[in-house]
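Chains as they are written, first to last, in this note's numbering: chain A, 23 to 383; chain E, 65 to 354.
Treat the hints with care, since some could be wrong.
[Unchecked claim] DEER-style ranges, computed between Cβ atoms:
id, chain 1, residue 1, chain 2, residue 2, range
1, A, Asp180, E, Pro146, 28 to 38 angstroms
2, E, Ser165, A, Pro39, 20 to 30 angstroms
3, A, Arg129, E, Trp339, 55 to 65 angstroms
4, A, Arg85, E, Leu168, 50 to 60 angstroms
5, A, Gly97, E, Met282, 23 to 33 angstroms
6, E, Val142, A, Lys48, 53 to 63 angstroms
7, A, Tyr35, E, Ser165, 44 to 54 angstroms
8, A, Arg203, E, Tyr342, 37 to 47 angstroms
9, E, Ser165, A, Arg85, 30 to 40 angstroms
10, E, Ser165, A, Gly97, 54 to 64 angstroms
11, A, Arg203, E, Asp70, 36 to 46 angstroms
Just so you know, the hints here were simulated from the structure itself, not pulled from any lab data. The beta carbon of each residue, even a glycine, is placed where N, CA and C say it ideally should be.
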Amino acid sequence: MARIALEQVAHAYAEHPRSDAEWALKDLDQVWEDGGAYALLGPSGCGKTTLLNVISGLIAPRRGRILFDGRDVTGLRTEQRNIAQVFQFPVVYDTMTVFDNLAFPLRNRRIDETRVRSRVAEVAEMLDLAEVLGRRARRLTADAKQKISLGRGLVREDVAAILFDEPLTVIDPGLKWQLRRKLKEVHKRRRLTLIYVTHDQNEALTFADRVAVMNEGRVLQVGTPQALFERPAHRFVGYFIGSPGMNFVPCVVEGDAALVAGARLPLAEEALAAARVATGRIELGVRPEHLRLAVEPAKGAAEVTVRAVEDLGTYRIVTIALGEHVLKAKLAADRPVPAGAAYLSVPPAAARLYAGGRLIG
Amino acid sequence: MDKWEDNRAWFLVLPVFVVVAFSAIIPLMTVVNYSVQDIFGPGQRVFVGTEWFADALSDRRLHEALWRQFLFSGLVLVIEIPLGVLIALAMPKRGLGVPFSLVLLALPLLIPWNVIGTIWIIFTRPDIGLLGVTINGLGIPFDHTASPLDAWITVVAMEVWHWTPLVALLAYAGLRAIPEAYFQAARIDGASAWATFRYVLLPKLRGVLTIAILLRFMDSFLIYAEPFVLTGGGPGNATTFLSIHLVKMAVGQFDLGPAAAFSLIYFLIVLLFSWLFYQALQNVGQGERR
Numbered sequence: 023m024a025r026i027a028l029e030q031v032a033h034a035y036a037e038h039p040r041s042d043a044e045w046a047l048k049d050l051d052q053v054w055e056d057g058g059a060y061a062l063l064g065p066s067g068c069g070k071t072t073l074l075n076v077i078s079g080l081i082a083p084r085r086g087r088i089l090f091d092g093r094d095v096t097g098l099r100t101e102q103r104n105i106a107q108v109f110q111f112p113v114v115y116d117t118m119t120v121f122d123n124l125a126f127p128l129r130n131r132r133i134d135e136t137r138v139r140s141r142v143a144e145v146a147e148m149l150d151l152a153e154v155l156g157r158r159a160r161r162l163t164a165d166a167k168q169k170i171s172l173g174r175g176l177v178r179e180d181v182a183a184i185l186f187d188e189p190l191t192v193i194d195p196g197l198k199w200q201l202r203r204k205l206k207e208v209h210k211r212r213r214l215t216l217i218y219v220t221h222d223q224n225e226a227l228t229f230a231d232r233v234a235v236m237n238e239g240r241v242l243q244v245g246t247p248q249a250l251f252e253r254p255a256h257r258f259v260g261y262f263i264g265s266p267g268m269n270f271v272p273c274v275v276e277g278d279a280a281l282v283a284g285a286r287l288p289l290a291e292e293a294l295a296a297a298r299v300a301t302g303r304i305e306l307g308v309r310p311e312h313l314r315l316a317v318e319p320a321k322g323a324a325e326v327t328v329r330a331v332e333d334l335g336t337y338r339i340v341t342i343a344l345g346e347h348v349l350k351a352k353l354a355a356d357r358p359v360p361a362g363a364a365y366l367s368v369p370p371a372a373a374r375l376y377a378g379g380r381l382i383g
Numbered sequence: 065m066d067k068w069e070d071n072r073a074w075f076l077v078l079p080v081f082v083v084v085a086f087s088a089i090i091p092l093m094t095v096v097n098y099s100v101q102d103i104f105g106p107g108q109r110v111f112v113g114t115e116w117f118a119d120a121l122s123d124r125r126l127h128e129a130l131w132r133q134f135l136f137s138g139l140v141l142v143i144e145i146p147l148g149v150l151i152a153l154a155m156p157k158r159g160l161g162v163p164f165s166l167v168l169l170a171l172p173l174l175i176p177w178n179v180i181g182t183i184w185i186i187f188t189r190p191d192i193g194l195l196g197v198t199i200n201g202l203g204i205p206f207d208h209t210a211s212p213l214d215a216w217i218t219v220v221a222m223e224v225w226h227w228t229p230l231v232a233l234l235a236y237a238g239l240r241a242i243p244e245a246y247f248q249a250a251r252i253d254g255a256s257a258w259a260t261f262r263y264v265l266l267p268k269l270r271g272v273l274t275i276a277i278l279l280r281f282m283d284s285f286l287i288y289a290e291p292f293v294l295t296g297g298g299p300g301n302a303t304t305f306l307s308i309h310l311v312k313m314a315v316g317q318f319d320l321g322p323a324a325a326f327s328l329i330y331f332l333i334v335l336l337f338s339w340l341f342y343q344a345l346q347n348v349g350q351g352e353r354r
């Protein structure tokens, strides 16, 4: 159980980084609460694995400190931190049985054998590995091997947090959900801090209580899946979460509405107030799920042209043109889609305003 | 659908058959032919059946050469394999040191083998050789032309110097192929350096080490040029290994029949032991089979 705090952590792989782009992590200040299940979500190359390795101690950061429960562990090596890590690639010790694999971390720390046996039995039962304890680890399937990797982290009594680096990448899709469910069970039982790195938003949103979205070395937003969906703090978060991502169109706020390509879209009071004090280019962000299309004009609706319709079974993605801007709407399969000209309305509660890429209201 | 046949491809393979026939099959069959005949001179030969084989298997000097050979190969393996692995572990993984150390290691492998013998003769001469003068200067009498033990030490040292780089290069390649995640996981599990070596490195290196052991065994068992140049098989018979003994028989005494019979026995011994080594190495760490 640990509260992990990162203070002003920055890291670059190059000896002498010349530009901003060479910094894999930039000025990170982040707190991971004790017992929380976090997902670290972001595109490839955004620094997620670097951040994970900095927390576990496999990489020493160029700048900044890492604190476990207020204790500075920046100088401590991995083996001295109470961390376990599960890698993308199932790591098992080929020459040992499953039992010996699970016992390895305890035997290295000179725990006495009776304690080792009981811990291993407990963890094996929790992970459904009890029947295969006597087998050679290398003969098992990939998902069993990942469970062994996880088990090696769970046997240790001093483990405060478990870090996962895209652990389900090599697992058969049919077995992924089983492992995810198992992870959630383990979290409920042991209440460890879990940090799960992935680039798959479905995995992140189903596994975690709170998701941290990263891009280019920065954590852009940490929040519940609901918060990330409804109120993305940053343009990138809006774009990355959701499929398809949030629509962004430049607009000018005039009076009580946003002017986009000649159309007036009414806004909520909160957004209007924020727009009044904002400087620079303002963009309107709205999720495809919230857009409404109608054949008849209505108050506050904008005239649009329907360009394309993709039928995906339970829903449809409709590409529409509002002036020179292209938007996507996500409609339920049973709703009629107008062809050609249509009228788009944006519920004011769903409209978000962004200035300089950041959410203002 | 009809099965499509075109046998013209055999013509394309024909040149390979011809080359292999001339360079391998026909000479081998010639040796088999000689091994069952007594040859007095060109054109004078008598069929003697398995007489030469019986002779070879009961020849005392041959048995001695065989035991010397086993001792030599055994020593070579015991020294070279661990030493090569240690060198590979010590080599840099990244940066400018990598090509530099690889080239440095490869140098002994590039020298012609009889030149190696010549280098080591001079190197260990007690009067003008760097090593010879140094050791004798320290008060240790060292002369590989006079003392069988010194000759053995010199031959083994020469062989280790010559071929350990091969083991080191193979082991280095094997080490680079181990994914970093294994080492990271071992660190997180709190494994000591020895535990990491035993449970991560050795299992992953098994394939590479199999190749290294087989190659070194076969090569050292067949060794000829270096010890022959260095000691000529002496002093006396002290370093007369199997191939040297065989050549003395065939070329020196022109006893082609016995030499041919012995060549075949030699070939079969190497084959047998290579197979035994291979089976042993494949089964190490296998344990339970489904």
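Hint-by-hint comparison with the structure:
For Asp180/A paired with Pro146/E, a C-beta distance near 36 angstroms keeps the hint of 28 to 38 angstroms intact. As the Cβ distance of Ser165/E to Pro39/A is approximately 28 angstroms, the hint placing it in 20 to 30 angstroms holds. Distance hint for Arg129/A and Trp339/E: a CB-CB separation of about 37 angstroms, inconsistent with the stated range 55 to 65 angstroms. The hinted range of 50 to 60 angstroms is not satisfied by Arg85/A and Leu168/E, whose Cβ atoms lie roughly 38 angstroms apart.
Between Gly97/A and Met282/E, the C-beta spacing of about 51 angstroms breaks the proposed range 23 to 33 angstroms. Distance hint check: the CB atoms of Val142/E and Lys48/A are about 54 angstroms apart, consistent with the given range 53 to 63 angstroms. Under the hint 44 to 54 angstroms, the C-beta atoms of Tyr35/A and Ser165/E, about 23 angstroms apart, miss the expected range. The beta-carbon spacing between Arg203/A and Tyr342/E, approximately 46 angstroms, falls within the hinted interval of 37 to 47 angstroms.
A beta carbon spacing of about 33 angstroms between Ser165/E and Arg85/A agrees with the range 30 to 40 angstroms that was offered as a hint. The hinted range of 54 to 64 angstroms is not satisfied by Ser165/E and Gly97/A, whose Cβ atoms lie roughly 31 angstroms apart. One distance hint, 36 to 46 angstroms for the beta-carbon pair Arg203/A and Asp70/E, is violated here, with the actual separation near 56 angstroms.
In summary, the numbered hints that this structure violates are 3, 4, 5, 7, 10 and 11.
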